[in-house]
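Protein chains in written order, with my numbering: chain A, 1 to 284; chain B, 1001 to 1659.
Simulated from the structure, these hints should not be mistaken for laboratory data.
Just so we're clear, the structure is a prediction, and the values are computed from it rather than from any experiment.
Worth double-checking, as some hints may not be accurate.
Stated by the list, open to error - Straight-line Cα separation of at most 30 Å, DSS-like style, residue types lysine-lysine; simulated pairs:
(1) K73(A) x K1571(B)
(2) K1315(B) x K68(A)
(3) K1373(B) x K73(A)
(4) K234(A) x K110(A)
(5) K1043(B) x K1060(B)
(6) K1043(B) x K72(A)
(7) K72(A) x K223(A)
(8) K1060(B) x K1568(B)
(9) K1215(B) x K73(A)
To be verified - Output of the computed footprint for chain A on chain B, the stretches with three or more beta carbons under 8 Å from beta carbons of chain A:
(10) 1202-1212
(11) 1370-1379
For each residue, glycine too, the CB sits at the ideal point set by N, CA and C.
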Amino acid sequence: MQFLRKRWRSVLIFALSTLMLSGCGKIVVLNPQGPVATEELHLITWSFGLMMIVVVAVFALFAFMLIKYRAKKGSKSDYQPEQEGNRLLETVWTVVPILIIIALIIPTIKTTYALVKPPSTGTPVVIKAVSANWKWMFQYPGQGIETVNYVVIPANRPIEFQLDAIGPMNSLWIPALGGQEYSMPGMLMRLWLQADHPGTYVGRSANFSGRGFVHMVFNVIAKSPSDYAAWVQKVKTTAPAMTMADYQKLTAQSVVSTMTFSHYIQFSGPRNNSMNAMYMAPNS
Amino acid sequence: MLHSILQIGDKYFMWNEGPMIWTSDALIVLTSLGIVGLLTYLKRWKWLWDEWLTTVDHKKIGIMYIIAAFAMFFRGGMDGLIIRAQLAIPNNHFLTAEHYDQVFTTHGTIMILFMAMPFIIGLMNIAVPLQIGARDVAFPYLNAMSFWLFFFGALLFNISFVIGGSPDAGWTSYAPIAGPFYDPGVGENYYLISLQIAGIGTIATGINFLVTILKMRAPGMTLMRMPMFTWSVLITSVIIIFAFPVLTVTLALLMFDRLFGAHFFSVTHGGLPMMWANLFWIWGHPEVYIVILPAFGVFSEVVSTFSHKRLFGYKAMVVSLVAIAILSFTTWVHHFFTMGAGASVNSFFSFSTMLIAVPTGVKIFNWLFTMYKGRIEFTTSMLWALAFIPNFLIGGLTGVMLASAPADYQYHNSYFLVAHFHYVLIAGTVFGVFSGLYYWWPKMFGQKLNERIGKWAFWIFMISFNMTFMPMYFVGLMGMTRRMYTYPAGLGWGPFNLIETIGALGMGLGFVVMVFDIAYTIRHPEKDLTGDPWDGRTLEWSIPSPAPEYNFAVIPEVKGIDAYWMMKHPKEQEPGPVKAVDKSKIRPIHMPNNSYRPFIISVAFFVAGFGFIWQWYWLGIPGLIVVAIGLFLRSFEYNDEHFISTEEIERTEIAAGRL
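Please take these sequences and the hints and turn them into a complete structure.
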């Protein structure tokens, strides 16, 4: 018996600790690596706290009612079948939720407005992130280079992602650095993010876009400013320039691995001609 | 010869896709043969046609809605189990991406439109006319139309699995991913046209119940004396009438894109893909309330009945229903805060969304206080209603967390969101319809469902439900997004997903136990001869079970809220059984005739829809012509009613022990 119980206990501890180790450390949203994700986490924690007030109140009342007023033989609890309501109580549970909502909406609006501005005062780096069915292309207009399915950013500087799409909508989500934003055809969007430290973070598309959507995963590699400058220099000197063949391959429906280009081909406007041609013949 | 048959098989029936399709084909053929054989063997064809297929009786239509909803629950549930089997472990390749995309699309569409909606509408049909003391709905013929349009819409959607391929762009069917360029083939056409056909039926239901409730209440039943379920159906009908036309238009526009080369939602030629998201959710958000408000109505009835006490705060309950209905039209943008509408727009929709928590909270507290100083009886129906409170609360409060736009940037499209909407839809709608099923089953069939088996089903389902969806909140925060057909190991998602899959199997088991309960009850019925097995409060319990064709031999007079309770507890006398039917007041009753036409017109709609899906206009257009002929003939039908004689009413009432 003793042995069994001990064994069960160790199994339980093992199971819990695996869950904790494999789980909690990996709850990315709760482990922010940049100011945007941190600010969003504050809001999440605050709203969770407010909601816990309601949970505690309702669960307590629920348990009280079920225990006290369950029908049993010879029950002595007060029975008032004709009770209609109570104005005071009803006012309380209308006003208190309104107060809770006010307590939540004020920081919500503040944060909503804050997130459309750069998260810090450093010089921003502009990176154009284009989803093109089932791959992410990252173009660096300031540097003239392009990476596919990975992106390198300098740590501690605000990054201005300009989102565009070829084909279906996607959503750029790097949970460690901050929340997502859709990439949509013909609608340029902006998402500010920043990494506090050098490191590698996972990003993916959060919006379903067809068969290859699962493969739209990419690494975000944050480097120190000097490493970043060295990396840009290296790409410029060693990576190939994008050829027309590369361009065709990237804009077609396909899944590709990571690629690096020292020079990229600019799309003519939000849509390119091949897209028009494809759209001309819908049902054929 | 054989070669060309196989070619046709591959083209239309996807025989090249392997054993899953072959098994489904075989099962469908065998089941159909089995049904046909059984009906022939039992000589039940005439019975089926006379009693069911041509009926306009709201009680029978309600039963057919619920049977269809159960079948669709099975289908949607199988889809859910396949999804969970695929995601049970990392790097699983049980399904390909193509098949997985189809399965989650049909799961969502079927569960919302072909399971939740008909289940709710079925309960509405069964209870509302009885609760207001009416002999049928306002437009019984239209009611039959509604049912058959839904039925054949659902059938059309379901056959896509074996004929041509299912839709695969998600139940939200966002353009341009659902447009003709990225999604060629017939799958999306099935989605558009079957929803369109079923949607016509739903709009008709909305109109029908609005008129029924406004015009056909028994004398004395003012609006503020109506049972809360009837109130919720009234408000739901108004939401249907405002919301469903938006869906009709939206589906039609995408259909033009797909069938006729229009560009409403395409990327090029001035189309606006974002317009789809807006239009879809202008219908889609109210739709959520269409399936939840009647469930709220059921909870109000059940909690009050089994606490043996009046509903607490009746007026506040009504006001909060109206408030939720209005607010439901002001929140659609919260489904795409991440579409970059700008800080001011997002702030507005954050606020409007959070506001819904206030009337919903009022309702929760009113249900809690309905039990206060009551005598709570834990029947199966009550258990479902009670479980709703804590489970729905978790879904609702995470909904408020999602309403905060900047926080939503982190939750959006992740499993956190998936967990949230399953918590509100299952704990709200599914628990609600199960509660309603156990509650009104005696009224439908004159027998109680077995309580012991029912409680087993409840506990298995409820615990498994939490096992399935609670871990999803965590994997969502770990970065897992919805609609991923597979995921890599090493992210810590595996254990959570495995627990979810085990939970899903448990929910399946709970469902099987409930179906067993129904089968067991049919074999070993526990007859209820009183017509009032729960000590009910509203008028449906004042008549025999099952209710006679004409419902009320004599239309009752209503003196207050909970009309039947008041009859049983008169002010001056001791409470006791209500007086039997007063023979002197029986008059011949005017009832609508059965009609074969709703069934035939809906078959024609089905054929026409099938033709348009495949762009076989030689089939589609004649189908529509048959529909038009049916409508034309109906316009010249004058003799569609009959009278039930007083003698027949007396015979029926004597048989029920009421006279």
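Tested hints:
1. The straight-line distance between the Cα atoms of K73(A) and K1571(B) is roughly 26 Å, inside the 30 Å bound, and the hint therefore holds.
2. Restraint check for K1315(B) and K68(A): the C-alpha separation of about 26 Å stays at or below 30 Å, so the hint holds.
3. Straight-line distance between C-alpha atoms of K1373(B) and K73(A) comes to about 15 Å, which keeps the hinted pair within the 30 Å bound.
4. A distance of roughly 41 Å separates the Cα atoms of K234(A) and K110(A); the hinted pair therefore is violated under the 30 Å criterion.
5. At most 30 Å may separate the alpha-carbon atoms for a hinted pair to count; K1043(B) and K1060(B) meet this at roughly 20 Å.
6. Distance hint between K1043(B) and K72(A) is unfulfilled; the C-alpha atoms sit about 50 Å from each other, more than 30 Å.
7. Among the hinted pairs, K72(A) with K223(A) is inconsistent with the structure: their alpha-carbon atoms are about 69 Å apart, more than 30 Å.
8. The hinted pair formed by K1060(B) and K1568(B) meets the criterion: a straight-line CA distance of about 28 Å does not exceed 30 Å.
9. At most 30 Å may separate the alpha-carbon atoms for a hinted pair to count; K1215(B) and K73(A) exceed this at roughly 44 Å.
10. For the stretch 1202-1212 of chain B, the stated coverage by chain A is violated: 0 residues have a C-beta nearer than 8 Å to a C-beta of that chain, whereas at least 3 were required.
11. Chain A is given as covering the stretch 1370-1379 of chain B, and this holds because 8 residues of the stretch bring a CB closer than 8 Å to a CB of that chain, at least three being needed.
Violated hints, in rising order: 4, 6, 7, 9 and 10; the structure is consistent with all others.
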